[in-house]
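Q: Chain residues, written in single-letter form:
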Amino acid sequence: MADIGTVKLAVPGSVRRGSVARVRTLVIHPQERVERQGGRSVDRNYRFVNRVVVTYLGREIAVIEPSTAISENPTFTIPFRATEAGQLKVTFFDSHGVKFEGTAEVKVT
Amino acid sequence: MTATLTRRAWLGLAALGAAVAAWRPWPARAQGHLANLAPEEPIAETMKRLFGNRTIKDGASLITIDMPLIAEDGASVPIAVEVKSPMTAESHVKAIYILAEKNLRPLNVKISLTPAAGQAYVGTNLRLADSGPVRVVAETGDGALWIASRDVRVAVAGCAA
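Quick note, the sequences are listed as chains A and B, same order.
Heads up: the first sequence runs through residues 367 to 475, numbered per our numbering.
Heads up: the second sequence runs through residues 399 to 559, numbered per our numbering.
It is possible that part of the hints are untrue.
Computed beta-carbon distance windows for the label pairs [stated by the list, open to error]:
# : chain 1 : residue 1 : chain 2 : residue 2 : range
1 : A       : 379       : B       : 450       : 42 to 50 Å
2 : B       : 478       : A       : 385       : 41 to 49 Å
3 : A       : 429       : B       : 452       : 19 to 27 Å
4 : A       : 457       : B       : 439       : 27 to 35 Å
5 : A       : 429       : B       : 549       : 23 to 31 Å
These aren't lab readings, by the way, just hints derived from the structure by calculation.
All C-beta atoms in this analysis are idealised placements derived from N, C-alpha and C, irrespective of residue type, glycine included.
Assemble the whole structure, with the sequences as input and the hints as a guide.
A: In C-alpha cells:
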C-alpha cells in the first residue's frame, strides 16, 4: 500500500453557471474492517477513513462520517451548485489522525 | 532545605506537565479502537440511538435508492441515494443516513449536506454482511425524518463488522 492516501477527484470539464454538478472522489485507503476471533471483536486501533469534508470556494458542501462498513478505497459522489469558477477541495481524515487532500478546479461557462 | 524541596517539587510538576502535554494528542490519533466505533447492536437499537423517539415518516416517494438487486460481492456494493428537495436555506436535506439491517454495526455512513450542494444526493460503495434491507433515513433542516428501504441480495458476504 505504498500509494495509500492518493486522492482522486473527477469534476465535469465545464459546468453551466448556476447548475448542479457532481464531484466523484476517491482515496486509496485500506478502510480496515473489525476483525473477529472466536465470535468476538478484536480491539485494536483500526485504520479507516472516518471523516470527509468537501468544500467549494472555501465553503462547506458536505461532511461525511463513514464507518468501517464503507468499502476499501472509499469513494463518494457529492453534488455542488456551480456558482463561480473556483476550487473544489476534498479532505479525508482517518482514524490514525492522518489527513489526505485533493483539489480540482471548476470551470464555469 | 525548603528551597531544594520547592525546586524538586517544581521539577516534578514540570515533568508531569510535559507528560500530560505529550499524552494529550494521543487519543486524537487513535480513533480506531472499538470504544470509538458504533457498538454491535440490532438495527432497532441503532435507530433509537440516532433518532430517539422522534417519528420517522414513510419517505418512499421522496427518497430514490439506486442499488443492484443482487450484489455479487458484499465487500463493495454501489449505492446512490437521491432525496427530492429544493435545497434552499429554508427547506433542505440536512443529513442522509445509510444503514444495513444485517450488519453488526448497522450504520454504514452519515452524510451531512448544506444548501450549497444544490441537490440532496450521495453515491458510495457499501460493505454488506448479508442479504437484507438497506435503510436510508433523510433528515430535513426542520428536523423531520423520512425513511425508505431497499432489499439487496448479497451473493458473497462482505464481512462488514
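Q: Using the Cβ atoms, figure out if residue 429 of chain A sits within 19 to 27 Å of residue 452 of chain B.
A: Because 21 Å falls inside the window, the suggested range holds.
Q: Holds or violated: the 23 to 31 Å window for the beta-carbon distance between residue 429 of chain A and residue 549 of chain B?
A: 29 Å, holds
Q: Cβ-Cβ distance between residue 478 of chain B and residue 385 of chain A: within 41 to 49 Å?
A: Distance hint for residue 478 of chain B, residue 385 of chain A is violated at roughly 19 Å.
Q: Return holds or violated for the Cβ distance of residue 379 of chain A and residue 450 of chain B against the range 42 to 50 Å.
A: For residue 450 of chain B against residue 379 of chain A, whose Cβ atoms are near 45 Å apart, the range 42 to 50 Å holds.
Q: Hint says 27 to 35 Å; check whether the CB-CB distance for residue 457 of chain A and residue 439 of chain B agrees.
A: Given a distance of about 30 Å, which is inside 27 to 35 Å, the answer is holds.
Checked against the numbered hints above, the structure violates only hint 2.
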